[in-house]
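Using the sequences provided together with the hints, build the complete structure.
Chains as they are written, first to last, in this note's numbering: chain A, 763 to 926; chain B, 2 to 332.
Source of the hints: derived by calculation from the structure; they are not laboratory data. Wrong hints could be hidden among the right ones.
Partner residues are not named here, just some residues of chain B that face chain A (Cβ under 7 angstroms, in silico) [to be verified]:
(1) I111
(2) L114
(3) F115
(4) V125
A virtual CB, placed ideally from N, CA and C, is assigned to each residue, including glycine.
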Amino acid sequence: MTLEVFGFWALAVVLVGSALAVVLTKNLFHSVLWLALALTGTAGIFLMLDAEFLAGVQILLYAGGVVTVVVFAIVVTERLVGTKLSHTSRRAWLGGGVAAMFLAVMLSQLARVPLSPLKIPMESDPTRLIGSAVLTRFLLPFELLAVVLLVSLLAASYFARPEE
Amino acid sequence: MMALPESAVAAIAGVILLLSVIGVVTYVTLLERKFAARMQSRIGPYRVGWHGILQPIADALKLMMKEDIVPRDADRRVFNLAPIVFLIPCLLIFATIPFAPGLGVADLNIGILFFLAVSSMEIVGLFMAGWSSNNKYALISAMRAVNQIISYDLPFLFAALIPVLLAGSLRLSDIANAQSGSVFMWFIAYPVIGQLGFLAFVIASVAAENRVPFDILEAESELVAGFRVEYSGMKFALIQLGEYAHVLGTSFLGALLFLGAWSGPGPEWLGPVWFLLKALGVFLVITWIRWSFVRIRVDQILQISWKLLMPLTMLLVIATAITVVWRSAGV
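What follows is the structure in structure tokens.
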């Protein structure tokens with residue numbers, strides 16, 4: 763119908779397709795690339811929901827950062843060390859079962875709420891809302907997260923120290 | 002029903018912007034070659050057209066006619082896709098830059114975040130190129146690139162945050178408007194914070210663009226041409242185009258964040274011209290750095306980032322925040 767609906771379905775196809783490709787491709791490097799596409803597609807969904815800030819952060823942190831680190835790990839292990847890594851789907855049925863259960867839970871919850879096809883307009887700028895919420899009401903969790911990250915950084919540098 | 006004409010306008014604006022960016026980028030290569038030649042007491046391109054003015058076109062034609070080679074053991078699909086994945090983010094960063102009040106493709110309210118996020122995507126394309134070539138030089142180059150990008154993303158982000166804090170908005174046009182008026186309104190004129198911030202921004206962007214002295218990932222004497230060593234013809238041209246577009250986009254961002262974007266003397270329609278001149282000025286500073294310094298080692302690059310640039314930019318952001326709060330409380 764409208765451009766928005768078309769955009770949603772296009773994004774949905776890309777998202778589901780790339781997410782499936784992440785688990786179904788044998789080549790580990792290819793699945794990381796599909797993962798990058800899937801994460802970018804998620805940013806597109808955020809964009810459609812008028813959450814521009816979330817979309818930006820999604821790309822900056824996940825599509826850029828996380829994929830970089832994952833790719834780095836793969837290349838170091840595969841091409842430089844020489845052992846070939848490939849996906850196995852041995853317990854695919856178990857995984858599928860968990861996924862199906864998850865879907866059932868989500869659907870049962872969604873079915874309770876009447877969904878309207880109309881998008882509710884944002885009352886104010888979500889970017890501003892996120893900013894003030896993080897720095898006022900959620901200041902303590904926010905700072906705690908920073909401490910957790912600091913601790914993990916320290917731990918990482920402890921493990922990476924040169925042997926004596 | 003109004004949605005369609007609007008999107009058509011956006012599409013046309015996008016195409017115009019894309020073509021002009023590609024045009025400017027081709028000529029920026031000539032500018033750099035001439036500038037570098039003058040720095041080294043050479044003449045530079047001179048034979049094709051008046052003072053070599055047609056040289057970029059000749060280069061483009063030459064690259065188009067070259068044979069397209071794919072190595073036998075390369076990962077063919079990824080190899081062919083990599084230049085495009087590399088190019089798209091480099092061109093997309095121009096989408097959110099306003100070239101004059103109201104003249105831009107998309108003036109997002111997260112403008113600067115969009116710029117930073119999209120330009121961080123570039124590494125994916127670079128890595129695809131380095132990995133799929135199945136060449137040890139390309140792979141080492143890609144690994145060095147990751148090293149460098151992880152180290153210089155944060156200082157770049159922090160340096161870009163300083164104007165954001167001063168202007169109180171992530172929207173690029175708001176940041177530009179906050180500096181309109183006189184030269185003293187430009188954020189580079191802001192006492193201490195402005196100058197140091199601009200310096201940090203330039204260093205971090207030179208590193209993010211992998212140019213000399215931070216060009217260990219394409220160090221010719223050890224890695225041939227780095228991650229693009231196996232590319233030839235048009236694909237090579239696409240990668241080069243992407244790199245120059247990224248440099249130019251960052252120059253525009255620097256001119257917008259610190260040099261007052263389109264503010265300048267003369268009538269209002271001169272605004273985009275001023276903006277372009279300022280961006281080219283930033284570009285020439287980056288080029289000047291490139292042709293003045295020698296390549297530095299990996300450990301030196303990491304030390305500059307983590308021991309100098311990181312603490313400096315963090316302190317600057319804190320100082321800026323204190324200034325902004327103090328100023329708003331004082332008035």
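How the hints compare with the structure:
no. : hint : verdict
1   : I111 : holds, 5 angstroms
2   : L114 : holds, 4 angstroms
3   : F115 : holds, 6 angstroms
4   : V125 : holds, 5 angstroms
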